[in-house]
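2 protein chains.
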Amino acid sequence: MDVAIPLYDRFTALDAVGPYEVLSRLPGTTVHFIAAEPGPFRTETGMLSLNADLPLREMPEPDVVVVPGGLGNRALLEDEVLLAWLRHAHEHTDWTTSVCTGSLLLAAAGILDGLEATTHWLAMDKLGELGAKPVDRRVVEQGKVITGAGVSAGIDMALTLVDRIAGPEVSQAIQLGIEYDPEPPYDSGSVAKATPEIVAFLRENVAILG
Amino acid sequence: MDVAIPLYDRFTALDAVGPYEVLSRLPGTTVHFIAAEPGPFRTETGMLSLNADLPLREMPEPDVVVVPGGLGNRALLEDEVLLAWLRHAHEHTDWTTSVCTGSLLLAAAGILDGLEATTHWLAMDKLGELGAKPVDRRVVEQGKVITGAGVSAGIDMALTLVDRIAGPEVSQAIQLGIEYDPEPPYDSGSVAKATPEIVAFLRENVAILG
Numbered sequence: 001m002d003v004a005i006p007l008y009d010r011f012t013a014l015d016a017v018g019p020y021e022v023l024s025r026l027p028g029t030t031v032h033f034i035a036a037e038p039g040p041f042r043t044e045t046g047m048l049s050l051n052a053d054l055p056l057r058e059m060p061e062p063d064v065v066v067v068p069g070g071l072g073n074r075a076l077l078e079d080e081v082l083l084a085w086l087r088h089a090h091e092h093t094d095w096t097t098s099v100c101t102g103s104l105l106l107a108a109a110g111i112l113d114g115l116e117a118t119t120h121w122l123a124m125d126k127l128g129e130l131g132a133k134p135v136d137r138r139v140v141e142q143g144k145v146i147t148g149a150g151v152s153a154g155i156d157m158a159l160t161l162v163d164r165i166a167g168p169e170v171s172q173a174i175q176l177g178i179e180y181d182p183e184p185p186y187d188s189g190s191v192a193k194a195t196p197e198i199v200a201f202l203r204e205n206v207a208i209l210g
Numbered sequence: 211m212d213v214a215i216p217l218y219d220r221f222t223a224l225d226a227v228g229p230y231e232v233l234s235r236l237p238g239t240t241v242h243f244i245a246a247e248p249g250p251f252r253t254e255t256g257m258l259s260l261n262a263d264l265p266l267r268e269m270p271e272p273d274v275v276v277v278p279g280g281l282g283n284r285a286l287l288e289d290e291v292l293l294a295w296l297r298h299a300h301e302h303t304d305w306t307t308s309v310c311t312g313s314l315l316l317a318a319a320g321i322l323d324g325l326e327a328t329t330h331w332l333a334m335d336k337l338g339e340l341g342a343k344p345v346d347r348r349v350v351e352q353g354k355v356i357t358g359a360g361v362s363a364g365i366d367m368a369l370t371l372v373d374r375i376a377g378p379e380v381s382q383a384i385q386l387g388i389e390y391d392p393e394p395p396y397d398s399g400s401v402a403k404a405t406p407e408i409v410a411f412l413r414e415n416v417a418i419l420g
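Heads up: the sequence lines are chains A and B, in that order. Just so you know, the working numbering puts 27 at position 27 of the first sequence, and the rest follows in order with no gaps. With the second sequence counted from 1, adding 210 to any position gets you the working numbering.
Please keep in mind that the hints were generated in silico from the structure rather than gathered at the bench. Beta carbons: idealized from backbone N, C-alpha and C, even for Gly. Careful, some of the hints might be misleading.
Stated by the list, open to error - If you anchor each label on the Cβ, the simulated ranges turn out as follows: (1) A:Val135 - B:Arg297: 46 to 54 Å; (2) B:Glu288 - A:Thr30: 28 to 36 Å; (3) A:Ala75 - B:Gly249: 22 to 30 Å; (4) B:Gly238 - A:Arg137: 29 to 37 Å; (5) B:Lys403 - A:Leu77: 35 to 43 Å; (6) A:Asp187 - B:Lys403: 17 to 25 Å; (7) B:Arg267 - A:Gly46: 16 to 24 Å; (8) B:Pro250 - A:Asp2: 16 to 24 Å; (9) A:Asn205 - B:His298: 32 to 40 Å; (10) B:Gly320 - A:Ala84: 53 to 61 Å; (11) B:Glu288 - A:Ala75: 28 to 36 Å.
Claimed, not checked - Only part of the chain B face toward chain A is listed, based on derived beta-carbon distances under 7 Å: (12) Ser234; (13) Glu247; (14) Pro250; (15) Val361; (16) Leu369; (17) Gln382; (18) Glu389; (19) Leu412.
Between the sequences and the hints, there should be enough to build the whole structure, so can you do that?
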């Protein structure tokens, strides 16, 4: 099974690497990092670059697509090279998925028209403007389309995807392999759980969100 | 504040990118990916490469060190270039940290002698052989040394580190920024929670663990 993760300038690294870390452990699966042109792509912080090994045109029909989010994708919402690739790929995929604001690209390609979907909590309005029905869940499944919430939700999305592809034992084995037994020092990972002051701070300081 | 994350061949991507995603959002902080020589470094699966931008020698005294794990580090346990860099850096750091089997490198450098520390659950014995006192906790603090358990524990380790550096509000804000409100489909992320069959399967198939 071939999984394609498209990169672009100013993406969010964990959006891509969380699902990679899960899906690369699924037996018989190869994860490919691809882009309009191969080469290094910097994250939105500028502090890290990952390499795309293949051009989009060399992998037109992967079995699974995982679109990561990142502030840089606002510039791609009318990019016909990427959107046309997404549309064609989606016609042939077993699963079409996104993490964080990666769903904005799926929506811009028309793939989420009328479907429930999620994204980073700060991008919900934008997702609705692009034709999806935004819902406040961490992982949203609509047939073969699965969207994940912000950044770290890609891990949960990918473990869910593995469950659907290969069953509970494999999903559980990979969860144990990456020792995903979360224990953050605080319970502040959603708008419902964080203090109003912290939610307001992030709304005013979008640069910290990615 | 300068954070240095050393890369090497056959590291585990999420070990490095989880802490990067957290620490890069800490105001006033720059995360640097460094290596013996700059260039691309492939993960243990061979499916992804990240770039080191600086050689170790150009960043001898970062404020924070985060050592990622990966199957490739067994070949470095007697690598004097990396171990000497770790020893010197540790003399000057505010915080010296690791994720997963990154603690084996800290231990090989003598930094964990007699200290409690953690690692991936499958590497606990090896950590003890190298002079640390292995303990089964997700994040282990010993003065300025913080070690995290397997792979995904780097996120929890880094949020803990942010709390110690900048306080609870900043840790909580970053947690909300990356929407770290975990919801895996199963509760199988530790040896205590997984079924005996899955634990046994992973012990026999180390390639899936990273």
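Tested hints:
1. A:Val135 - B:Arg297: 46 to 54 Å: 51 Å, holds
2. B:Glu288 - A:Thr30: 28 to 36 Å: 33 Å, holds
3. A:Ala75 - B:Gly249: 22 to 30 Å: 28 Å, holds
4. B:Gly238 - A:Arg137: 29 to 37 Å: Between Gly238 (chain B) and Arg137 (chain A), where Cβ atoms are some 35 Å apart, the hint holds.
5. B:Lys403 - A:Leu77: 35 to 43 Å: About 41 Å separates the Cβ atoms of Lys403 (chain B) and Leu77 (chain A), which means 35 to 43 Å holds.
6. A:Asp187 - B:Lys403: 17 to 25 Å: Since Asp187 (chain A) and Lys403 (chain B) have Cβ atoms about 19 Å apart, the given range 17 to 25 Å holds.
7. B:Arg267 - A:Gly46: 16 to 24 Å: The hint (16 to 24 Å, Cβ to Cβ) holds, given that Arg267 (chain B) and Gly46 (chain A) are roughly 23 Å apart.
8. B:Pro250 - A:Asp2: 16 to 24 Å: 21 Å, holds
9. A:Asn205 - B:His298: 32 to 40 Å: Holds, since Asn205 (chain A) and His298 (chain B) (Cβ atoms, about 36 Å apart) stay within the stated range.
10. B:Gly320 - A:Ala84: 53 to 61 Å: 56 Å, holds
11. B:Glu288 - A:Ala75: 28 to 36 Å: 47 Å, violated
12. Ser234: 5 Å, holds
13. Glu247: 16 Å, violated
14. Pro250: 6 Å, holds
15. Val361: With Cβ-Cβ at 4 Å, under 7 Å, it holds.
16. Leu369: Since the shortest Cβ distance to chain A is 5 Å, the answer is holds.
17. Gln382: Since the shortest Cβ distance to chain A is 4 Å, the answer is holds.
18. Glu389: 3 Å, holds
19. Leu412: With a minimum Cβ separation of about 6 Å from chain A (threshold 7 Å), the hint on Leu412 (chain B) holds.
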